[in-house]
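S.K.: Here's the letter readout for the chains.
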Amino acid sequence: MALPNTNSDPNTAALGAQRVRIWYGFLLLIVMIFGVRLFYVQIIRHNHYKNAALSDQLKQYEIPANRGTISARDGNQLIPVVLNQKLYTLYGDPVYIKNPDTVANKVSAITGANASKLANLLRTKDTRYVVLGKRLTPEQNKRLLALKYPGIGTQGQDFRTYPQGDLAAQVLGFVDDSGNGQYGLEQALNSQLKGTPGQLRAITDISGVPLAASRDNTEVAAKSGDNLIVTIDLAIQQQLQTILQKGVKDTKASGASAVIMDPRTGAIKAMANFPSYDPAKYNEVENAKLFANASVSEPIEVGSIMKPLTTAAALDKGVIAPGTTYYDPASWLVNGFRITNIEEDGGAGTRSVADILNLSLNTGVTWELMQMGGGSINDKARTIWHDYMVNHFLFGKATGVEQGYEATGYIPSASDNGAGINLTYANTTFGQAMTATPIQMAAAMAAAVNGGTYYQPHLIDAAIAADGGTTKKTPKVLAANVVAPKISQALIPLMQNVVQKHNFNPGFDQSNYVVGGKTGTAQIAKPGGGYYDDKFNGTYLGFVGGDDVQYVIAVFVDKPTNGGYAGTAAAQPIFGKIAHTLIDESLVTPKTK
Amino acid sequence: MRPSTPRRRPVIGQRGSGRQDTAGVLALGRKHRPDYWLVILCAALLSIGLIVVYAISPALAQASHVSTSHFVNKQLLAISLSIVAFIATSQIPLSIWRRLAKPLLIIAAIATVLALLLPVNPAYPAHRWVRLGSFSFQSVEIVKFAALLALAGFFTDRIAHGWLDSYEKTLKPLLIAVLVAGVVIAGPQKLHAQSDLGSMAVLIAIVGAMCFVAGLPLKRLALVGAVLIIGATLVILPSQYRRERLASFVHPESNCQDAGYQACQALIAVGSGGMAGLGLGRSVQAYGYLPEAANDSIFAIYAEKFGFIGCLVLLGLFTAFFSRLKTIAERAPDNFSRLVVCGVLAWLSVQTIINIGAMIGLLPLKGITLPLISYGGTSVVFVAAAVGLVFQVSKYTTFAAPIHVMTEKKGGHSHENHHDGRRLRGAYHPDPSGRASS
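Chains as they are written, first to last, in our numbering: chain A, 886 to 1478; chain B, 64 to 501.
Okay, chain A solo, but in the shape it has when bound (with noise of 0.2 Å):
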């Protein structure tokens, strides 16, 4: 093939290779020009540049605390009951699925999560982040992961576990999924079992995750919570629960809460409502209410009960003495309104203070509060027994036990409101008119039998942080010579004559015991004034012990349908049971004297 002639003319070479070098000349140019921009880019805009950069990538993190565990004695033996587990939150990004149906039917088969709803969940349009699966186990992690599905991910986060189940759940609360704790312990104490969170301010990718590789990396350790160490005994509150759930299935009622107590420290060994729930499933729990420990939120009015304790007042202030007799009306007339006893106990006649207390006598708490007045309720009766419900047994304020929720409950103020305090402050004498939670009741008992000291209700017998270090908790008096000793011991033997004269099946051998008590039948307040007239709340007030009493029980129950007064024949029984318990398995030390 011909081509044309291609050997140049000189001088079209040239010019060629002349305007190849201008043409080169303007490069150059260009490129010092590209060197003096880049000089004042990288040199003398480094700062603003960096600063810049730093503002997009620099983020700040809160490296979470590891929550504290919660354990409880069992004998002589510590047994966890709160431990922490990772768990898995299983998220998608449905950009990146190319085929919903088979990554749905993969992760389905796994986490055994609806594979259609997967399916939709994973064609969302308009996000790029979608929560496939929650609280998976690390074993079903490790299996996800090893799908390696393009925009599968997996991301952990300590959750709560419970080796002991249901045991006290509501005197421990749960953990929401924001890591804060709710009812019980976990909220009263969170910030204690929480810890201090660390912190790292670190180079991220655009999407957050911290660069490994970045220098500008700082850290601050996290601080982990304390574990604790609650007062409880596994033991007792296993047999709580179980008793309590029966009695409550026996008398058909709503509900029931217990509190055992020791009232040489205010420590609580046992604490228990039903119904209740499983803490590691609270977030199937439908019902709130279930949330709640009734024993410290749920004030009554406590009926009959408050007896001992208007009797203790009154032998502390020497108005009455413990064998003093006196002739009883069978009913007072108070503000125009008759105060009465239950019928087949309360007719006329002489009375003593044992009679008071064992055949329930309205009219005789009545008249101790009458003889508190010097001889009939005015100012001075009611100044000195609402000083003694306040001061002295605490009533109408929180204990502070370590609980979520703590009610206060009511005691009405003794001022003359001119509408019939005298009537309210009568009724207050049986546990009417005013309002107390089981914890309330349980420590101002626990006061009036152990010499006159009321030690605050306490769940926590030891802190262990992180560190190491153990802080044991001394038991924390809040009220002293609440009623001298000699009134403690005074009541004790009153109480223990309720026990012989009511029917406990089994009896008590109260030659190496002494168990006492009172029974409650209380009315409940109809929301527009008034009482109901088929509807109580059965209670039982009472204790255990040897030479010292060494166990105080508050028995609440819910509206019992079984018939018969509702303390003798609900929760005298459950008392009756979990103090049996308590000496069958050898709980109580026996008398030595």
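Simulated from the structure, these hints should not be mistaken for laboratory data. A portion of the hints provided could be inaccurate.
Which bits of chain A does chain B cover? Going by a derived footprint, with three or more residues having C-beta under 8 Å, they are [as the list claims (entries may be wrong)]: (1) 974-980; (2) 1254-1261; (3) 1289-1296; (4) 1352-1364.
Only pairs whose alpha carbons sit at most 20 Å apart, straight line, appear in this in silico SDA-like list of lysine to any residue [claimed, not checked]: (5) A:Lys935 <-> B:Pro354; (6) A:Lys983 <-> B:Pro182; (7) A:Lys1033 <-> B:Leu123; (8) A:Lys1033 <-> B:Pro182; (9) A:Lys935 <-> B:Cys319; (10) A:Lys935 <-> B:Leu343; (11) B:Lys282 <-> A:Ile907; (12) A:Lys935 <-> B:Tyr324.
As the structure is a prediction and not an experimental result, all values here were calculated from the model. By construction, the Cβ of each residue, glycine as well, lies at the ideal position given by its N, Cα and C atoms.
We have chain A; now place chain B onto it with these hints.
M.R.: Just chain B now, with coordinates in the frame of chain A:
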């Protein structure tokens, strides 16, 4: 590479040795040692690109859910292919390549039509890619390569026939060709065109450089330039996307969150590099902040890693590389080979300038690769092919650049001016006295 052994010596000065006769086109060129610096600089630039891709591949792999070695392996494959392309273009004589220009243009046209018709990847909605199974390439790279050869042949013809000044014979067909290419390559996406203004600019640079070097009168060049500026304005203004890009170029900091995002992140990467850079493994902008970190934005990542010093080294390497191309173009044995080398110089240098200029905020973003550095097979293979052509020319360069000769009109040998003493460093130079006698 063949060692310089005595066996080669006898070839020197022996006219009519078979090779140059069959080569035909390079009639005057005696074959001598090629310019190995061309290969060395190419290899250096390719290595830098590979190192940067390797260093950021964890970030890339994380973003696209592939293995860490995916990108390096693909780039190594591209480099292997590019070596094949280089050998082909440097060994197959230029005369054959000249004859292949037309078939190559047809292939380029077919590839472009395929790119326009085949379905697009939703992540990259422009019709720039030909996808055949797992194999894919950018059609415009073939267009550039074919246009390079076709234009060089075209201008050589015009020079030979003395038609360079003719409007009918030279300027008109040229403008028509540029217009057709402009509509297809730079046309808006909604008309299913490629919307690739960067590549169009490179094509125009190739055309312009050849016009200029071929010796088109400056008045004509001014006319062509005016037409191109008007054309560019007409292309840019109707496109919302381009107006935004232009606006974000003028006021980068105020558009950081939307249209100017990539420009801002590129500047942040470059600026945060400082004097010495963050270090090879310490780029942060590659972790999702700067789009196209391995491709169009690779210079910014390089600048972040290696700082001002590293940038000067890179600019130095590019300048050295371009200066080799310049020298080879100056001393090309004939018009065709000079125009080919000029075209390659225009192609690679303009692409480099457009790419780096965008990264340092001097030019608007265009979405084209940095030659030899950017990740991406098509670009590397065709750049290597182009460099292969230059490498072939470097075997036949004259010993000095031609200067104006007043006494001789035609047929003169450009290398008669060997006494100006300038030598193509590194290349083998035959003995001037031996040459003079031929």
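S.K.: Take the hints in turn and mark each one as holding or not.
M.R.: Checked hints:
1. Residues of the segment 974-980 of chain A lying with their CB closer than 8 Å to a CB of chain B number 0, which falls below the three-residue condition for coverage.
2. Coverage of a stretch by a chain is defined here by at least three residues with a beta carbon nearer than 8 Å to that chain's beta carbons; for the segment 1254-1261 of chain A and chain B the count is 0, and the condition is violated.
3. Counting residues of the segment 1289-1296 of chain A whose beta carbon lies closer than 8 Å to any beta carbon of chain B gives 0, which falls short of the minimum of three for the stated coverage.
4. Counting residues of the segment 1352-1364 of chain A whose beta carbon lies closer than 8 Å to any beta carbon of chain B gives 0, which falls short of the minimum of three for the stated coverage.
5. For the given pair, A:Lys935 sits about 18 Å from B:Pro354 by alpha-carbon distance, which is consistent with the 20 Å threshold.
6. Under the criterion of a C-alpha separation no larger than 20 Å, the hint pairing A:Lys983 with B:Pro182 is consistent with the structure, at around 18 Å.
7. The suggested pairing of A:Lys1033 with B:Leu123 holds, with an alpha-carbon distance near 17 Å, which does not exceed 20 Å.
8. Pair hint A:Lys1033 plus B:Pro182 does not hold up; C-alpha atoms about 29 Å apart against a cutoff of 20 Å.
9. Distance hint between A:Lys935 and B:Cys319 is fulfilled; the C-alpha atoms sit about 16 Å from each other, no more than 20 Å.
10. Proximity of A:Lys935 to B:Leu343 is assessed by CA-CA distance (about 17 Å); at most 20 Å being required, the pair is judged to hold.
11. At roughly 17 Å between alpha-carbon atoms, B:Lys282 and A:Ile907 fall within 20 Å of each other, so this suggested pair holds.
12. Of the supplied pair hints, the one linking A:Lys935 and B:Tyr324 holds, its CA atoms being roughly 17 Å apart against a limit of 20 Å.
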